[in-house]
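Undergrad: Read top to bottom, the protein sequences are chains A and B.
Per this note's numbering, the first sequence starts with residue 16, numbered consecutively.
Per this note's numbering, the second sequence starts with residue 1165, numbered consecutively.
Heads up, some of the hints might be wrong.
What the hints assert, rightly or not - Computed footprint of chain B on chain A; a stretch qualifies when at least three of its residues, placed anywhere within it, have a C-beta under 8 Å from a C-beta of chain B: (1) 42 to 52; (2) 135 to 145.
Said to hold, decoys possible - Within a straight-line C-alpha distance of at most 25 Å, the following computed DMTMM-like cross-link-like pairs (lysine to aspartate or glutamate) qualify: (3) B:Lys-1227 to B:Asp-1256; (4) B:Lys-1468 to B:Asp-1426; (5) A:Lys-274 to A:Glu-168; (6) A:Lys-78 to A:Glu-109; (7) B:Lys-1305 to A:Asp-186; (8) B:Lys-1227 to A:Asp-219; (9) A:Lys-85 to A:Glu-109; (10) A:Lys-136 to B:Glu-1215; (11) B:Lys-1277 to B:Asp-1331; (12) B:Lys-1232 to A:Glu-224; (13) A:Lys-274 to A:Asp-43; (14) B:Lys-1232 to B:Asp-1317; (15) B:Lys-1468 to B:Asp-1382; (16) B:Lys-1178 to A:Glu-224; (17) B:Lys-1178 to B:Asp-1317; (18) B:Lys-1232 to A:Glu-109; (19) B:Lys-1178 to B:Asp-1218; (20) B:Lys-1305 to A:Glu-224; (21) B:Lys-1305 to B:Glu-1285; (22) B:Lys-1232 to B:Glu-1167; (23) B:Lys-1305 to B:Glu-1275.
Said to hold, decoys possible - Using C-beta positions, here's what the derived DEER-type ranges look like: (24) B:Gly-1302 to A:Leu-59: 40 to 48 Å; (25) A:Asn-135 to B:Ser-1488: 57 to 65 Å; (26) A:Ile-218 to B:Gly-1226: 36 to 44 Å; (27) A:Thr-42 to B:Ser-1466: 35 to 43 Å.
For the record, the hints were derived by calculation from the structure and aren't laboratory data.
A quick note: this is a predicted structure, and the numbers were derived from the prediction, not measured.
For each residue, glycine too, the CB sits at the ideal point set by N, CA and C.
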Amino acid sequence: MRAPSDGTTLGSVSVTSPSVPARPRWTDRYGTWLLLAPGTLWMLLFLAVPMLMMVYVSFWTQKTFSIEPKLTLQSWINFFSSSTYVGALVTTVEIWAIVLFFTFILGYPTALYIGLFIRNKTTQTIVLVLCVVPFWTSFLIRVLAWRPMLGKEGAVNLLLLKLGLISHPIDVLLFTEVSVIIGMVQIYVVFMVGPVAVMLGRIDRSLIEAARDLGAGSWRIFRTIVFPLTLPGVAVGAIFVSVMVLGEFATSAALSGQKVNLLGNIIVTEVGSLKWAFAAVAGVVLTAVMGIVIAALLRAVNLREEL
Amino acid sequence: MLEIRGVRKSYGAKRALDDVSLSVRPGEYLSLLGPSGSGKSTLLRIIAGFERADAGEIYLDGKPLTAKPVHERGVGFVSQGFALFPHLTVFDNVAFGLRFRQRNPVGAPAEVKRRVDEMLELVGLGELGGRQIAQLSGGQKQRVALARTLVVDPHICLLDEPLGALDANLRRRMTIELRRIHQRLGIIFIHVTGNEIEALAMGERVVVLDQGRVLQTDAPDTVYNRPASLQVARFLNRYNTFDQRDLDGAAAADGVSCIRRDLIEVREAGYRAAAPETLTTATFVTAEYSGSIIVYFFSLPSGKVVEVEYHLSHKRPAELREGSAYALVWRTDQAMVFGSPKIAA
């Protein structure tokens, strides 16, 4: 060992040496809290407080064009005794379940292809980006583009007629639940493909080789190894899709011809006619449904352990 | 009996295996030694069926293997990273092959349990069947991987750098375990490694591979004492190599002289070589002490470093002064001379 001999070395040593007791700086003591503060404040101001406000307002008294801060259960009673609103709740859940099912059925094989069969990482990224290309146009255009596709004289019917597969145009394609479901699945399927493809890309190829080496066939390997390992991706994708579908109102407004009313549409209508208390009830119900769905999905797959 | 005949494999312009032929005796423990990129893993993957050879054939007990898909070969493969299924327990990992193989899967849960438990017992993990993979240490994972492969009764067990992921202590324990397990099962084990000591310790025979070619196939002590070529001598990491210009006088014929580190004697400068001896003069640089062995480092005028090893159990350490010249002496007949001096450069 060589002893430090020149002054500069000694000088720099004394700064860090324990002989000079380091004064604990205030950043050390409060650093954690300081770093947490902006995010916490933001969440409190723009998430927690509005949510509580919404719950609070749902108990206010609704007059024709105004609300009064007099607490009452009237809006809640009205909501659950009206077949229209309970029906909207049922439709919302129904459409959510169907859309989720189809995003999975269409999204999973797509992700499987991207994540497992495309070997080249660059190609993989390019294909994933291609999936997002529809998002380069506005939401409204994407939804409205389905009208000329699905209408009575739309592209789909024309094509089927030309091919001789049908003799009369199908008229349930547009302005029905079917069109709403088609529109939603098309928009949201990407949110299922992304997370699943990421999980698939993370599966070590040697696991699949090992399973093959042990004598298992492809279907067995998929069922027992690949699929279980992508479940966290499925859960994340399902959460994305669920949150977006449950809060939807634009697709159903544009493609159902006012025939399909979701909770989102109810809220828009009620807010439009200044029925704040009522809109708040629908908002609370919708938030509760989302909470239950997310909790159930998180329960089914332990994301914290698997991600 | 496993026969590999004329196997070739290229990746684009790179030749991974160049006409490799080998025959492995029934029940043999074979080490496959080579530096990274020598093609040793490729050969293993071709035997397992993960890769297809461009040419050549592999016969297992006389039957051609290359046309068979991976899951019908009966060749067990333990990969370097163990490749355990992270979402299954130890028991379910080991049971995977028995339950899910396409050819005569074992349906009865009792039979599965009996065989899995027996195999876990054999690899020394009797108690750990219920554990999750994430709860295991490196050595335990290695054992699970081994049990998972062996439980389906493969004809051959291929081990790709099986000890590479383990620390030094575990490595020693696992070598003993591996040999014990091999003895119990009596099937062919092929052990790929880049570590010469591991290759010599484990194999009944050692195959030395470089740039896709087999350089030598022999018993460990033959490989160690009589390497077939300069490259083999270099991989062994035990030999000093000398061009003729490094040596005093016309001591040897043309070519490169190889002499094992522990066969060199250090003498005072000015020592005169007797007839059967070869001598070179070198400057002492430093010594490295590692328990039972001390290694002295010398440098030749050409800049080449020479390592001399004294086994302290039968030699006293020499008192050497840094920067001084010494005579390095060895018996000429113990050195080996290979090829032309050009390849040494």
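Undergrad: So, for every hint listed, does it hold in this structure?
TA: These are the hints, each one checked on the structure:
1. 42 to 52: It is violated: at least three residues are needed, and the region 42 to 52 of chain A offers just 0 whose Cβ sits closer than 8 Å to chain B.
2. 135 to 145: violated (count 0)
3. B:Lys-1227 to B:Asp-1256: violated (32 Å)
4. B:Lys-1468 to B:Asp-1426: holds (18 Å)
5. A:Lys-274 to A:Glu-168: With Cα atoms ~20 Å apart, Lys-274 of chain A and Glu-168 of chain A stay inside 25 Å; holds.
6. A:Lys-78 to A:Glu-109: violated (32 Å)
7. B:Lys-1305 to A:Asp-186: Between Lys-1305 of chain B and Asp-186 of chain A the Cα gap is close to 61 Å, so the pair fails against 25 Å, i.e. violated.
8. B:Lys-1227 to A:Asp-219: Given that 25 Å is the threshold and the Cα spacing comes to 32 Å, the pair is violated.
9. A:Lys-85 to A:Glu-109: violated (35 Å)
10. A:Lys-136 to B:Glu-1215: holds (20 Å)
11. B:Lys-1277 to B:Asp-1331: violated (32 Å)
12. B:Lys-1232 to A:Glu-224: holds (15 Å)
13. A:Lys-274 to A:Asp-43: Not OK: Lys-274 of chain A and Asp-43 of chain A at ~60 Å, beyond 25 Å, violated.
14. B:Lys-1232 to B:Asp-1317: holds (18 Å)
15. B:Lys-1468 to B:Asp-1382: violated (30 Å)
16. B:Lys-1178 to A:Glu-224: With Cα atoms ~24 Å apart, Lys-1178 of chain B and Glu-224 of chain A stay inside 25 Å; holds.
17. B:Lys-1178 to B:Asp-1317: violated (35 Å)
18. B:Lys-1232 to A:Glu-109: This hinted pair is violated, its Cα atoms lying about 50 Å apart.
19. B:Lys-1178 to B:Asp-1218: Holds: Lys-1178 of chain B and Asp-1218 of chain B sit about 13 Å apart, inside 25 Å.
20. B:Lys-1305 to A:Glu-224: Given that 25 Å is the threshold and the Cα spacing comes to 17 Å, the pair holds.
21. B:Lys-1305 to B:Glu-1285: holds (14 Å)
22. B:Lys-1232 to B:Glu-1167: Roughly 15 Å between the alpha carbons, so the hint for Lys-1232 of chain B and Glu-1167 of chain B holds.
23. B:Lys-1305 to B:Glu-1275: With a Cα-Cα distance of about 24 Å, the restraint between Lys-1305 of chain B and Glu-1275 of chain B holds, given a limit of 25 Å.
24. B:Gly-1302 to A:Leu-59: 40 to 48 Å: holds (46 Å)
25. A:Asn-135 to B:Ser-1488: 57 to 65 Å: 60 Å Cβ-Cβ, so the 57 to 65 Å window holds.
26. A:Ile-218 to B:Gly-1226: 36 to 44 Å: Since Ile-218 of chain A and Gly-1226 of chain B have Cβ atoms about 37 Å apart, the given range 36 to 44 Å holds.
27. A:Thr-42 to B:Ser-1466: 35 to 43 Å: violated (59 Å)
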